[in-house]
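Novice: So the chains spell out like this:
There are 2 protein chains.
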Amino acid sequence: MDQSASGFLKEAIRLAVENVESGNGGPFGAVVVKDGKIIARGMNQVTHTNDPTAHAEIIAIREACAVLNSFQLTGCEIYSSCEPCPMCLGAIYWARPDKLYYAGSKEDAASMHFDDQFIYEEMALPVEQRKLFTRQMMREEAGEAFQKWSKSPLKKEY
Amino acid sequence: MDQSASGFLKEAIRLAVENVESGNGGPFGAVVVKDGKIIARGMNQVTHTNDPTAHAEIIAIREACAVLNSFQLTGCEIYSSCEPCPMCLGAIYWARPDKLYYAGSKEDAASMHFDDQFIYEEMALPVEQRKLFTRQMMREEAGEAFQKWSKSPLKKEY
Numbered sequence: 001m002d003q004s005a006s007g008f009l010k011e012a013i014r015l016a017v018e019n020v021e022s023g024n025g026g027p028f029g030a031v032v033v034k035d036g037k038i039i040a041r042g043m044n045q046v047t048h049t050n051d052p053t054a055h056a057e058i059i060a061i062r063e064a065c066a067v068l069n070s071f072q073l074t075g076c077e078i079y080s081s082c083e084p085c086p087m088c089l090g091a092i093y094w095a096r097p098d099k100l101y102y103a104g105s106k107e108d109a110a111s112m113h114f115d116d117q118f119i120y121e122e123m124a125l126p127v128e129q130r131k132l133f134t135r136q137m138m139r140e141e142a143g144e145a146f147q148k149w150s151k152s153p154l155k156k157e158y
Numbered sequence: 159m160d161q162s163a164s165g166f167l168k169e170a171i172r173l174a175v176e177n178v179e180s181g182n183g184g185p186f187g188a189v190v191v192k193d194g195k196i197i198a199r200g201m202n203q204v205t206h207t208n209d210p211t212a213h214a215e216i217i218a219i220r221e222a223c224a225v226l227n228s229f230q231l232t233g234c235e236i237y238s239s240c241e242p243c244p245m246c247l248g249a250i251y252w253a254r255p256d257k258l259y260y261a262g263s264k265e266d267a268a269s270m271h272f273d274d275q276f277i278y279e280e281m282a283l284p285v286e287q288r289k290l291f292t293r294q295m296m297r298e299e300a301g302e303a304f305q306k307w308s309k310s311p312l313k314k315e316y
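If you read the protein sequences in the order shown, they are chains Y and R.
If you read the first sequence in the numbering used here, its first letter stands for residue 1, the second for the next number, and so on.
If you read the second sequence in the numbering used here, its first letter stands for residue 159, the second for the next number, and so on.
Think of the hints as simulated: they come from the structure by calculation, not from any bench.
Some clues are possibly wrong.
Lysine to aspartate or glutamate pairs mimicking EDC-like chemistry, simulated, CA-CA at most 16 Å apart [stated by the list, open to error]:
{"hint": "1", "chain 1": "R", "residue 1": "Lys306", "chain 2": "Y", "residue 2": "Glu18"}
{"hint": "2", "chain 1": "Y", "residue 1": "Lys155", "chain 2": "R", "residue 2": "Glu176"}
{"hint": "3", "chain 1": "R", "residue 1": "Lys314", "chain 2": "Y", "residue 2": "Glu121"}
{"hint": "4", "chain 1": "Y", "residue 1": "Lys148", "chain 2": "R", "residue 2": "Glu176"}
{"hint": "5", "chain 1": "R", "residue 1": "Lys257", "chain 2": "R", "residue 2": "Glu286"}
{"hint": "6", "chain 1": "Y", "residue 1": "Lys148", "chain 2": "R", "residue 2": "Asp266"}
{"hint": "7", "chain 1": "R", "residue 1": "Lys314", "chain 2": "Y", "residue 2": "Glu21"}
{"hint": "8", "chain 1": "R", "residue 1": "Lys257", "chain 2": "Y", "residue 2": "Glu128"}
{"hint": "9", "chain 1": "R", "residue 1": "Lys168", "chain 2": "Y", "residue 2": "Glu140"}
{"hint": "10", "chain 1": "Y", "residue 1": "Lys131", "chain 2": "R", "residue 2": "Glu286"}
{"hint": "11", "chain 1": "R", "residue 1": "Lys309", "chain 2": "Y", "residue 2": "Glu21"}
{"hint": "12", "chain 1": "Y", "residue 1": "Lys99", "chain 2": "R", "residue 2": "Glu280"}
{"hint": "13", "chain 1": "Y", "residue 1": "Lys155", "chain 2": "R", "residue 2": "Glu179"}
{"hint": "14", "chain 1": "Y", "residue 1": "Lys151", "chain 2": "R", "residue 2": "Glu176"}
{"hint": "15", "chain 1": "R", "residue 1": "Lys264", "chain 2": "R", "residue 2": "Glu286"}
{"hint": "16", "chain 1": "Y", "residue 1": "Lys99", "chain 2": "R", "residue 2": "Glu286"}
All chains should be modelled from the sequences, with the hints used to inform the complete structure.
Specialist: Structure (structure tokens):
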């Protein structure tokens, strides 16, 4: 077992426990590490802040990016007390850290009635078979934004 | 074609175009609608704010929740200029709006070198086959947070 990784995961789990004890949100914590040091921490704050995106990993990523003054977490590792939900996993891919470690699994989250597993299943379905009413319209009209983007001198890729 | 839906999608596309022209971010816009009125708007602000989670839908969802003082978008519709990436689609599921409409597709985004399609593919793979180094450890230790959550008198489900 990787000693330093287990120490950082322990901290993510400690944050998850603390968050339940304080009543601020769900049982989830995360930390971002760079050069062997924790540069950002996150705890689930959905109900406390009325923000459905305020999951532990999202908060930790946003804080780490603020610390680094960058929209990329190059050279960083993310440690989460639980397997990231699709939203958080997507955020992790966009942030592009070097490594991801997690402790609990999405089945553990599902056993506590969190929607992680349901959302993974929905995403794997064709749009028209999902429980969430979803409709695509006006694809051609949307092309204007992409065409302008492809030619824009102001474009900053991410 | 649903006339009101096409009007709201047009606004989402207009925001996407405006965002490219201002140089603030990627070619993506979104609006949240309740009772036939736009209550929140979002444009991609990733590079402008150094926040990899600042996609149009995330920004619009956070703003709509602030307006409604709720972590749920019950009775709302989300309109996005492009098919949501996994992060944003996850956020939409957590916010639980009634309907989702989008214009461009993830293939359109991929043709502009955005990672949406790549992230969808990664998510569909077993963890150990992904390009992002991902490791699960200490699943049992993580159980403490879930056990405390299941018994917590302060618990607020979401």
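Novice: Tell me the hint numbers this structure goes against, listed in increasing order.
Specialist: Violated: hints 3, 5, 10, 15.
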